[in-house]
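In the order they appear, the protein sequences are chains A and B.
Going by the numbering used here, the first sequence opens with residue 234, and the numbers climb by one from there.
Going by the numbering used here, the second sequence opens with residue 103, and the numbers climb by one from there.
Among the clues, some could well be false.
Stretches of chain B that chain A covers, calculated by requiring three or more beta carbons in the stretch to come under 8 Å of a beta carbon on chain A [unchecked claim]:
#1 103-110
#2 115-128
#3 131-138
#4 141-154
#5 161-175
#6 180-190
Source of the hints: derived by calculation from the structure; they are not laboratory data.
Don't be surprised by glycine CBs; every beta carbon is placed ideally from N, CA and C.
Chain by chain, the residues run as shown.
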Amino acid sequence: MSGWANISQVKEKITQGSAEDITTSYLKRIKKSKINAYTTVWEGAAEKAREIDEQGHNGSLAGIPIAIKDNISTKGISTTCSSKILQGYVPPYDAHVIERLKDAGAIILGKTNMDEFAMGTSTESSCYGPTLNPWDMERVSGGSSGGSAAAVAAGEAPIALGSDTGGSVRCPAAFCGVVGLKPTYGTISRYGLISYASSLEQIGPLATCVADIAALMDVIGGYDARDSTSVKTETVYKDALVDNVSDLKIGVPAEYFGAGIDPAVESAVWDAIQLFEELGASWEQVSLPHTPYALAACYIIAMSEASSNLARFDGTRYGYRKEGENWHVMASRTRAEGFGAEVKRRILLGTYALSAGYHDKYYLKALRVRTLVKRDFDLALKEFDCLMTPTMPVPAFKLGEKVDDPLALYLADVNTVPINLAGVPSISLPCGYTDGLPIGLQIIGKHFDEATVLRAAYSFEQNTEHHTRRPVEVV
Amino acid sequence: MITKEEVEHMGWLARIEIHESEAQAYAKKLSSVLDYFSQLAEVDTENVSPTYHVADIVNVFREDVVRPSMPQEEVLANTEKKQEGNFLAPRIM
């Protein structure tokens, strides 16, 4: 079978056959694949699907296969953050989102490739090698959730979970031509997500269509006492799937169409805004004046939080260990050999930004700039229902193109990081193609107003064909 | 901007062993990033308070109730280096 199917199509196939058949066919596709989307394939998946068949398909995702990013804890299934330092680690517990997925009857196919510890924009810093873009295997899949996005794009899973600290769901969604949502900070419990930058990141769904994003949100969203930043929300995401934008006031921030933007990306996004106008929405330009400083602020905060969060990987309790004559030498050698180059750079920079003499200049300054960036969004979203921008200023770049230049790679995140600083929700969905490569439209909403973001995205999808285009078979 | 000696000091603080031969290369790459970060100095943040996180939540409390914890063998399952229910690590001093 071809793997390209949305949830309702997979459900139909389950009714005609069985969840076990569907799961087995996905496992076969994954095995034959050339794109390196998975780090671990779960051997128990087919048996679990048979169990679901026997129990009679209870739950909103009964028998639906799903791919999980390798930084989300899965009990009994290897979870490594695509890092040498976590080789052999098998979590003794499930993340909150995994508990929810299991309760809904979903089948975990396996774990997906990512930039090491989610630190990247291309999935090239994985210890397993890069995930190739299904649209052009000489190009990156985006990052850091590149494996999840590529798996969905290549029909190796109908749906997937990623995580988004500065664009890590939306960037690969844009590069791979799928839909990806970064929910409002606090919407989805981070319990069991291996932390990188706790104040910025959220788990987010990836799928072939907006309806599947809503279906996943209805399962994984909601309060969890084990994450102290979890917020009680009442949203029923499926109710947002309405094809009507006649009341919608759209803001278009000029700063997101700045220098370095690919002309094809710019024109595809303007075409999308034009279509919204034809559908009855109104738009106006708006300014988010602190945008140019968001990237530096976001990276300083992320690196500072990472330097603390990643202190736990010291060779004592799990993962890689290199012995030494005392604990300090053991830990220092373990971390020198266990972490890759980019992770070490970010920990060192984060340590520097927090150290005596530099704390106020870098860390505290970044937190103050964050306040200003957030204020920009608060003001703009008082006037408009949502904002529209290109997700990425360029289409997927070539493998190796930016790998030796950390700053060039950071700059690619310029349109996605401000959203994490402000904590607002944002979706990326396909809005066109250039030279056979997908282009992503980013729709940003108010805090906890995923409903408007989903309604706008759903309406766009109902009136366009971009999301139906598929890459040539890569398996 | 960041010296070889500072890189070595950060390596010690972060417990990442850095060989003398690598320190110079680190200093160069980290300096170019720090140089980019310095642009924040342009922003007037006088009277602007810092935002540590965006959730409108302060002090989350729960009832102090005893709950079962994870079984010891599961906690220790991910290492070979253990002894009498403890993690085994080299001496600190």
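Cross-check of the supplied hints:
{"no.": "1", "hint": "103-110", "result": "holds (count 3)"}
{"no.": "2", "hint": "115-128", "result": "holds (count 7)"}
{"no.": "3", "hint": "131-138", "result": "holds (count 6)"}
{"no.": "4", "hint": "141-154", "result": "holds (count 11)"}
{"no.": "5", "hint": "161-175", "result": "holds (count 3)"}
{"no.": "6", "hint": "180-190", "result": "holds (count 4)"}
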